[in-house]
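Trainee: Going down the list, the protein sequences come from chains A and B. Just so it is clear: in the first sequence, position 224 is 224 by UniProt numbering, and no numbers are missing. Just so it is clear: in the second sequence, position 209 is 209 by UniProt numbering, and no numbers are missing.
One should not assume that every hint holds.
Listed next, the stretches of chain A that the computed footprint assigns to chain B, with coverage defined by at least 3 CB atoms under 8 Å from CB atoms of chain B [stated by the list, open to error]:
#1 129-142
#2 182-195
Partial list, derived from the structure: chain B residues whose beta carbon lies under 10 Å from chain A [stated by the list, open to error]:
#3 Gly134
#4 Gly135
#5 Val249
#6 Phe255
#7 Asp260
#8 Asp264
Looking from chain B toward chain A, a few residues come up when the C-beta cut is under 8 Å (computed) [said to hold, decoys possible]:
#9 Pro36
#10 Gly38
#11 Thr160
#12 Gly161
#13 Val162
#14 Pro164
#15 Gln204
#16 Tyr250
#17 Pro251
#18 Glu254
#19 Phe295
#20 Glu297
These are computed hints drawn from the structure, not numbers from a lab. All values reported here derive from a predicted model rather than from experimental measurement. Cβ atoms here follow ideal geometry from the backbone N, Cα and C, with glycine treated the same way.
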Amino acid sequence: MNNVIQVEGLTKMFGDFTAVNAITFEVEKGEIFGFLGANGAGKTTAIKMLIGISNPTSGKATVAGFDVLTNPEDIKKNIGYMSQKFALYDDLTVKENITFFGGIYGLSRKKIKEKSEALIKELGLENVASQLVGSLPLGWKQKLSFSVSLIHDPKIVFLDEPTGGVDPITRRQFWEMIYKAANQGTTVFVTTHYMDEAEYCDRVSIMVNGKIEALDTPKKLKEQFQAESMNDVFLKLARG
Amino acid sequence: MGISISNISKSYKNVKALQDISFDVKPNELFGLIGPDGAGKTTLFRILTTLLFPDEGTATVAGFNVVGDYKEIRKNVGYMPGKFSLYQDLTVEENLNFFATIFGTTIDENYDLIKDIYVQIEPFKDRRAGKLSGGMKQKLALSCALIHKPKVLFLDEPTTGVDPVSRKEFWEMLKRLQQKGITILVSTPYMDEAALCDRVALIQDGKILEIDTPEAIVKHYPKPIYNVRANNMYQLIISLKDYEFNHSVYPFGEFVHYTDSRTDFNPKELRHYLETKNLSDIEIQETEATIEDTFMELAK
Numbered sequence: 001m002n003n004v005i006q007v008e009g010l011t012k013m014f015g016d017f018t019a020v021n022a023i024t025f026e027v028e029k030g031e032i033f034g035f036l037g038a039n040g041a042g043k044t045t046a047i048k049m050l051i052g053i054s055n056p057t058s059g060k061a062t063v064a065g066f067d068v069l070t071n072p073e074d075i076k077k078n079i080g081y082m083s084q085k086f087a088l089y090d091d092l093t094v095k096e097n098i099t100f101f102g103g104i105y106g107l108s109r110k111k112i113k114e115k116s117e118a119l120i121k122e123l124g125l126e127n128v129a130s131q132l133v134g135s136l137p138l139g140w141k142q143k144l145s146f147s148v149s150l151i152h153d154p155k156i157v158f159l160d161e162p163t164g165g166v167d168p169i170t171r172r173q174f175w176e177m178i179y180k181a182a183n184q185g186t187t188v189f190v191t192t193h194y195m196d197e198a199e200y201c202d203r204v205s206i207m208v209n210g211k212i213e214a215l216d217t218p219k220k221l222k223e224q225f226q227a228e229s230m231n232d233v234f235l236k237l238a239r240g
Numbered sequence: 001m002g003i004s005i006s007n008i009s010k011s012y013k014n015v016k017a018l019q020d021i022s023f024d025v026k027p028n029e030l031f032g033l034i035g036p037d038g039a040g041k042t043t044l045f046r047i048l049t050t051l052l053f054p055d056e057g058t059a060t061v062a063g064f065n066v067v068g069d070y071k072e073i074r075k076n077v078g079y080m081p082g083k084f085s086l087y088q089d090l091t092v093e094e095n096l097n098f099f100a101t102i103f104g105t106t107i108d109e110n111y112d113l114i115k116d117i118y119v120q121i122e123p124f125k126d127r128r129a130g131k132l133s134g135g136m137k138q139k140l141a142l143s144c145a146l147i148h149k150p151k152v153l154f155l156d157e158p159t160t161g162v163d164p165v166s167r168k169e170f171w172e173m174l175k176r177l178q179q180k181g182i183t184i185l186v187s188t189p190y191m192d193e194a195a196l197c198d199r200v201a202l203i204q205d206g207k208i209l210e211i212d213t214p215e216a217i218v219k220h221y222p223k224p225i226y227n228v229r230a231n232n233m234y235q236l237i238i239s240l241k242d243y244e245f246n247h248s249v250y251p252f253g254e255f256v257h258y259t260d261s262r263t264d265f266n267p268k269e270l271r272h273y274l275e276t277k278n279l280s281d282i283e284i285q286e287t288e289a290t291i292e293d294t295f296m297e298l299a300k
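The following block holds chain A by itself, in its conformation from the complex (with noise of 0.2 Å):
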């Protein structure tokens, strides 16, 4: 089986409110997978569920061959997550918080080295290695945190918002990074309020009201909606 994220009925209710509406998808490894939709369809909270820190009311999901409601302590050890606002500590330079990550994720001190050198001079970071995270510009911020979570060569990664913000030169090298990963087989699940990087995704998820309301490859969307663009889709879908 070569789905590392496989969802069906997957449900979150918050008192009489339904913040997710029984979704039903699966994700291939190696796949990009756009998760998109308006701010509060639920995305957040589908998110939550499917790295294991929030169970669902009803349904089932495995991530990376695990159950969320059953292993979510497994679940956590097997994805990467990165978000715009929970990235790394600005109070730590950088080798610091790649140490502190990759100590937290259980690599060897060996292994830390390593990939910490590694990593360092792939990002062009050797000039600033030993200053505080918190003194980088923000694409650089990124790109290193997006590096950080993919320290433990995690099956799937996880980026919230990843790129809001940034400069349109950062934020296409960032999805070059994407590609990359991809490329050597991690699973990329992204959510993004950019429409352009809708289409840089092998399939996309649009979520209406806690529904996934659409989901094919950008192309297959575009011709389902007669849409010229990811953006047209987006507005036709969610403005109902």
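For chain A, the structure is supplied; the task is to place chain B on it using the hints.
Mentor: Relative to the frame of chain A, chain B by itself:
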């Protein structure tokens, strides 16, 4: 009743946040300040709203000097900061009443101006501001910034992190406010929103890259630009970057935008090169530049 900015500079320790910035916003213009995080947008807003002194240079807002006439400016401008800054523990209506009272007016007096926006959150007027959704907070903040009928409205990244549908609605609201005679300076990191402004300034690292109408900025793009597509996006990007004649290679939605360093570029040659890289389904077609292309070319 516009804005005039002359040679403004501002530094924080060793960071030059703004370097010799000059431009004018005409009365009743909808002017966009377009640039990424860290470009200096918020620093400029804080100077224009009299919350920060410039190190050098001068500026006037609605005819008043930002240093000498700060009291007048505060009466005449509305400011919606990027970070939600209303009182979370007051209800929607209490917040609005509070701001009206501070400015010596009442909700009724200027209701006309905010009606369009406020009706959308009025059903929740007894809810505490801290309990509102993102979109509703934004509408309340805009109502509060407008309640004293300002001549000039400053909006610092009102649409950051907001989904495309709500962004579109927000820009429609701005257009209606402009029709009511208000001058608007709005900042955004979304390049596609530049097209909705009368004129824009592109800003990065504290410097203005260009100021013009969105149409003119796009026309100034110096090179022919090509949409390139193939069966494997990642392989395509790598191959184009390895191509010795490339001037720029940027993914743009379903295509890669490619410009060539030669003046006698022939797309057939590029196609041939890409074929040697084992790519198939190759499409190469000339296209028009966007604001984002121009921004990246200038920021290079």
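Trainee: State for each hint whether it applies.
Mentor: Against the structure, the hints come out as follows:
Check result for the stretch 129-142 of chain A against chain B: holds, 3 residues qualifying (beta carbon to beta carbon below 8 Å, three or more required). Beta-carbon proximity to chain B at under 8 Å applies to 5 residues in the stretch 182-195 of chain A; the threshold of 3 is reached and the given coverage holds. Hint status for glycine 134 (chain B): holds, given a least beta-carbon distance of 5 Å to chain A, under 10 Å. For glycine 135 (chain B), the interface hint holds, since its Cβ comes within 10 Å of a Cβ in chain A; the closest pair sits about 6 Å apart.
Hint on valine 249 (chain B) holds. Least Cβ distance to chain A is approximately 9 Å, under the 10 Å limit. For phenylalanine 255 (chain B), the shortest C-beta to C-beta distance to chain A is roughly 8 Å, which falls under 10 Å, so the interface hint holds. Restraint check, aspartate 260 (chain B) versus chain A: the minimum CB separation of about 18 Å is more than 10 Å; hint violated. Given the 10 Å rule on beta carbons, the hint for aspartate 264 (chain B) is violated: about 27 Å separates it from the nearest Cβ of chain A.
Contact between proline 36 (chain B) and chain A, as hinted, is supported at the beta carbon level, the nearest pair being about 3 Å apart and thus within 8 Å. Interface hint at glycine 38 (chain B): satisfied, since its Cβ lies 6 Å from the closest Cβ of chain A, which is below the 8 Å cut-off. A cut of 8 Å between beta carbons decides the hint on threonine 160 (chain B): the least distance to chain A is about 6 Å, and the hint holds. Hint on glycine 161 (chain B) holds. Least Cβ distance to chain A is approximately 6 Å, under the 8 Å limit.
Because the closest C-beta pair between valine 162 (chain B) and chain A is about 6 Å apart, less than 8 Å, the hint holds. For proline 164 (chain B), the interface hint holds, since its Cβ comes within 8 Å of a Cβ in chain A; the closest pair sits about 5 Å apart. Of the supplied interface hints, the one on glutamine 204 (chain B) holds, with its beta-carbon coming within about 7 Å of a beta-carbon of chain A, less than 8 Å. Interface restraint check: tyrosine 250 (chain B) against chain A, minimum CB-CB distance 5 Å, threshold 8 Å, status holds.
For proline 251 (chain B), the shortest C-beta to C-beta distance to chain A is roughly 5 Å, which falls under 8 Å, so the interface hint holds. The beta carbon of glutamate 254 (chain B) comes within 5 Å of a beta carbon in chain A, closer than 8 Å, and the hint placing it at the interface holds. The criterion of a C-beta within 8 Å of any C-beta in chain A is met by phenylalanine 295 (chain B), whose closest approach is roughly 6 Å, and the hint holds. Contact between glutamate 297 (chain B) and chain A, as hinted, is not supported at the beta carbon level, the nearest pair being about 10 Å apart and thus beyond 8 Å.
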